[in-house]
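Start from chain A and add chain B according to the hints.
Order-wise, the sequence lines are chains A and B.
Sequential numbering from 1 applies to the first sequence in the numbering used here.
Sequential numbering from 1 applies to the second sequence in the numbering used here.
None of these hints come from the bench; they were simulated from the model.
Nothing here was measured: the structure is a model prediction, and the numbers come from that model.
Where is the CB? At the ideal position from N, CA and C, for every residue including glycine.
Check before you lean on any hint, since a few could be wrong.
[Unchecked claim] As a list, the in silico DSS-like pairs of lysine-lysine whose alpha-carbon atoms are at most 30 Å apart: (1) B:68 - B:56; (2) A:57 - B:108; (3) B:68 - A:57; (4) B:68 - B:52; (5) B:52 - B:108; (6) B:108 - B:77; (7) B:77 - B:60; (8) A:57 - B:52; (9) B:68 - B:108.
[To be verified] Ranges of calculated distance between the beta carbons of each label pair, as one might list FRET restraints: (10) A:40 - B:20: 18 to 28 Å; (11) A:38 - B:39: 16 to 26 Å; (12) B:42 - A:63: 26 to 36 Å.
[Stated by the list, open to error] If you want a taste of the chain B side facing chain A, the calculated C-beta under 10 Å gives, among others: (13) 34; (14) 38; (15) 43; (16) 45; (17) 100.
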Amino acid sequence: KAGVTQTPRYLIKTRGQQVTLSCSPISGHRSVSWYQQTPGQGLQFLFEYFSETQRNKGNFPGRFSGRQFSNSRSEMNVSTLELGDSALYLCASSLTGQGTEELFFGEGSRLTVL
Amino acid sequence: GDSVTQMEGPVTLSEEAFLTINCTYTATGYPSLFWYVQYPGEGLQLLLKATKADDKGSNKGFEATYRKETTSFHLEKGSVQVSDSAVYFCALEATGGYQKVTFGTGTKLQVIP
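Okay, chain A solo, but in the shape it has when bound:
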């Protein structure tokens, strides 16, 4: 079956702009979570969605937001981009989001902010 698909794979923005990233989970998976990966901080949890509801949120400013649609696809948005937002943004899906479930990751969207 198809894996987790993230688009776009690469993008370049300038400071102050906003960006929207998309994630299509594995068919049947209803939980989608987002992570930011940087060389200095590693992987950091952004938020998790299940049935269009945000159930958990990491320690990121309000500029980072997300949503989930009825077909479980998810988007995340970053407004007023800063240089420090340059990172690989990873989406992961699982069946229900319960603690022992395996996360299935996409290949990520690499954002560069100039």
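Coordinates of chain B only, in the frame set by chain A:
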């Protein structure tokens, strides 16, 4: 809060050498523990997991045992291959965390022929 500490890399080993990557954690309660692997140009994928104390996770010749008394989950493999070259992440999820997985910083492993 929850945290995971793993040995810094890069780790360079010759083929067929023994591998240990240390991982310790801090968490309340009884978290689930994971090792994820990221091969070059690919997304992270689960390597193995353990959900309670003294559980041993294993996959592809890799093993890790959930040690609550030492809060550790060290990854081991008896004989590494070139194809094992990747970045390895230790991770935990607290009970009821809804996929709020805390990852270590990753350890890059390079296996040379």
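Results for each hint:
1. B:68 - B:56: Given pair residue 68 of chain B, residue 56 of chain B holds - Cα atoms ~12 Å apart, limit 30 Å.
2. A:57 - B:108: Roughly 28 Å separates the two Cα atoms, so the pair holds.
3. B:68 - A:57: At roughly 27 Å apart (the allowed maximum being 30 Å), residue 57 of chain A and residue 68 of chain B satisfy the hint.
4. B:68 - B:52: Answer holds: residue 68 of chain B to residue 52 of chain B is near 9 Å, not above 30 Å.
5. B:52 - B:108: Status holds; Cα separation ~27 Å.
6. B:108 - B:77: holds (15 Å)
7. B:77 - B:60: holds (9 Å)
8. A:57 - B:52: The hint holds at about 25 Å.
9. B:68 - B:108: holds (25 Å)
10. A:40 - B:20: 18 to 28 Å: Holds, since residue 40 of chain A and residue 20 of chain B (Cβ atoms, about 25 Å apart) stay within the stated range.
11. A:38 - B:39: 16 to 26 Å: holds (20 Å)
12. B:42 - A:63: 26 to 36 Å: With Cβ atoms ~29 Å apart, the hint holds.
13. 34: OK, holds: residue 34 of chain B within 10 Å of chain A, min 8 Å.
14. 38: Status holds, d = 8 Å.
15. 43: Since chain A brings a Cβ to about 4 Å from residue 43 of chain B, closer than 10 Å, the hint holds.
16. 45: holds (7 Å)
17. 100: holds (5 Å)
Taken one by one, the earlier hints all hold for this structure without exception.
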